[in-house]
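Participant: Taken in sequence, the protein lines are chains H and R. Just so you know, my numbering puts 107 at position 105 of the first sequence, and the rest follows in order with no gaps. Just so you know, my numbering puts 111 at position 110 of the second sequence, and the rest follows in order with no gaps.
Simulated from the structure, these hints should not be mistaken for laboratory data. Just so we're clear, the structure is a prediction, and the values are computed from it rather than from any experiment. Positions of the beta carbon are idealized from the N, C-alpha and C atoms, including for glycine.
Partial chain H-side listing against chain R, Cβ under 7 Å, derived:
no.	residue
1	M3
2	D4
3	F5
4	R290
5	D291
6	L293
7	V302
8	L305
9	R309
10	W312
11	K385
12	M388
13	A389
14	M392
15	L394
16	G395
Given next are the chains, with one letter for each unit.
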Amino acid sequence: MDFKPTYTPEQEAFRKEVRSWLEAHVPNVEGDRDSDENYAKYRQLGRDLGARGWLRPTVSKDYGGGGLNFEQSVILYEEMDQYGLGLPPYYDSGGWLGGASILVWGTEEQKQRFLPPIFKGEVVTWQLLTAPEAGSDLAGTKTDAIRDGDDYVINGTKIYVGGSHKPDMLWTFTRTDPTGPRHKNTSWFMIPTDTPGVTIVPMDLLGDGGEGIGASVKNTVYFEDARVSAKNLVGGVNNGWQVATTHLELEHGGGGSIGRNKWFERAVQWSKTEKRNGRPLIEDAEARDRLADIFVLTEVSRLFGLRNYWMNRTHQKMSYEGSQSSYYRKLTGLDITTNLQELFGPASLINGGGFDFSEGTLDAYHRSAITALHPGGTADVQKVLMARRMGLGRDEAEAAGKTVE
Amino acid sequence: MDLSLSETQLMLRKTVEDFIARDANRDKLIELQQTPRGYSDEIWRAASELGWVGMMIPEQYGGGGSDFSTTAVVYEALGKGPVPGPMFSSGILAGQVILQAGSEEQKKQFLPSIASGDIVATLAMTEPDYQWGPAGVRLRPTESGDQYVLNGTKLFVYDGHVADWLIVAIRTGDGADDISLLMVDTKAAGVSARKLDGFTTSESEITFSNVKVPKANLLGKVNGVKAALDRALLYATPILCAYKVGGGQGVFEMAVQYSRDRVQFGRPIGRFQFVQNHIVQLVNHLDAARWTLNEALWKLDTGQDARVGVHLAKTLASEGYRKACDYSHEVHAGTGIMRSYGLTLYTRQSRSLYAALGDPRYHRKQIANLIETIE
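Isolated chain H (complex conformation) (with noise of 0.2 Å):
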């Protein structure tokens, strides 16, 4: 068993250049890293990436991805993870969930026009899933797509939807048999976000879901006759239902991820500046039981991360996992934020104003934990859909989504 990947001399070589690469392209920003301002330098820096091929890696080239292997994606996921940035996009989760089911379901002419303008980064796309009605049933939904002629009419409202900056594409999930029977009724469609009837409305929630960039609001979105060719149905007629077993498993967490423990040092950093009682808190020994706990935690996240990461890339047949790991970061990211509340006090609350430590961090960090309890399903949704893998009170196992990358 090896947790890291062994490296050939070319490889290192490999991180040489995209370290070099990176010192070069990866914008210097000031303040908020989500501005208009310097959203702009971070799409630059997704364009510039997407023409070398390292936004997306391992896919195919055929489709705009970079055609590298495992090793490769880890080292370039290492490296943008120094400057806080992830990998699949940073800033286009829609393009990621939205380009793995279309290269799973697409036909190759919706491959080949869809996927090149997404993996090279010259697009943005939102995942449009939840619905006013339908939220954990997923199935429920009442965005209705009806045929007409060579198009589909658009009608319903999507919510918790995309980011702070408009996107290009609205990767969108919808009924297209309103009469049909459950789960042999509903349809994916690519929009263009410029369509008219496509209205997008800002919504006023407690915090974000996450540090992605372009993630810090959350929009509803409006398809009034919003029209639509057929050439952007994607997976097959009343297919959709199938499709998002690809969206979802992605979503869950089967993609894993691969990065260092951000909270805890971020805690210890902390801990070494703010005081208690004149003393820097580290030297505290209830402090230290605190950040022990915070790193027990994170630890688990961690390497539940990773594990899914190996086995996504390197194509290991997977159970719950990914449900676990995002079940599991859900609920302790809630645990964890008592531990920071305990470590630091009241002023972990605060923003602005003289006594945020934290610039806001830790605040943003508070509400983000909660928010984070729904996006990519419940939390009880990732416990249903962990029964399921493990076949409990069933004689099979459900199996999981199909991904390709």
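Start from chain H and add chain R according to the hints.
Facilitator: Same frame as chain H, but now just chain R:
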């Protein structure tokens, strides 16, 4: 990066599983738990002859010289049995303490016969007012020429009642780490051992009454064994964790099967979400223990600083095995508490081994002490 087991490791695991199916299956283990010794000659002979007892002892001392990961594969499979016996206490723990603290002569004297299973040795460290670690060692010998004289008690000594040799931690100075290790022959006059009954596995009480031990039986130097003992514990602890992870896997598989077989209200109970929740929590505890352990084993095998990793793994293995059993009992309800069913074989271990080599609170504290070393 490759998180899978090697071909050799998979074959070794199969060997253990085949042995369990034949000579240590659940029916046999249920019978054995009622016997005074708790394990059978078949088990001890197989574990010795197939090399599981001595697998972590270097080849030059008659062992198998296996790495940490491979040893863990075997002990996980044994834990899944759960196969009882002093394999860990003697071959792994005592073996490591002698290897780390002993002189060349002592290694040659003890390690080959430990590896072959001809003798059983175990570490006797804790005492009636239980505290893990050197600070809890208070048994202070008197000196008489070239002999130590022991009077007192070691308590919660795993497998002490079947041991031929005890590695007794004694207090030889007033500093916290001023302890020494003494090899004591259990046949020496004045040594008595008694198995402790209760919700225990192999805990025993060792009483010393004017026991005379040559000073030549010291492992290493007086007051100079702390570092060696730390190393031995660092190397042995993850193997105990592997045994516990195996036990967790055992109760997990039992719970999944029972969720399919047991029908109430006209449906398999695994269809009820409260029941599902028990098994979800169970597998989360199990996997947390498994993957922190795997990473710690890899660090040990690659010569990295594994101290924090081992404390983390032990924290989660102790907590995880205990919780895994709790949740499996919630799933099994009344069936689970029938001795004839087998679940309690594991539950007993999850309690008995909870504090072995330090409880989770102790290991969390060690992580807290080592925060600056975490990269």
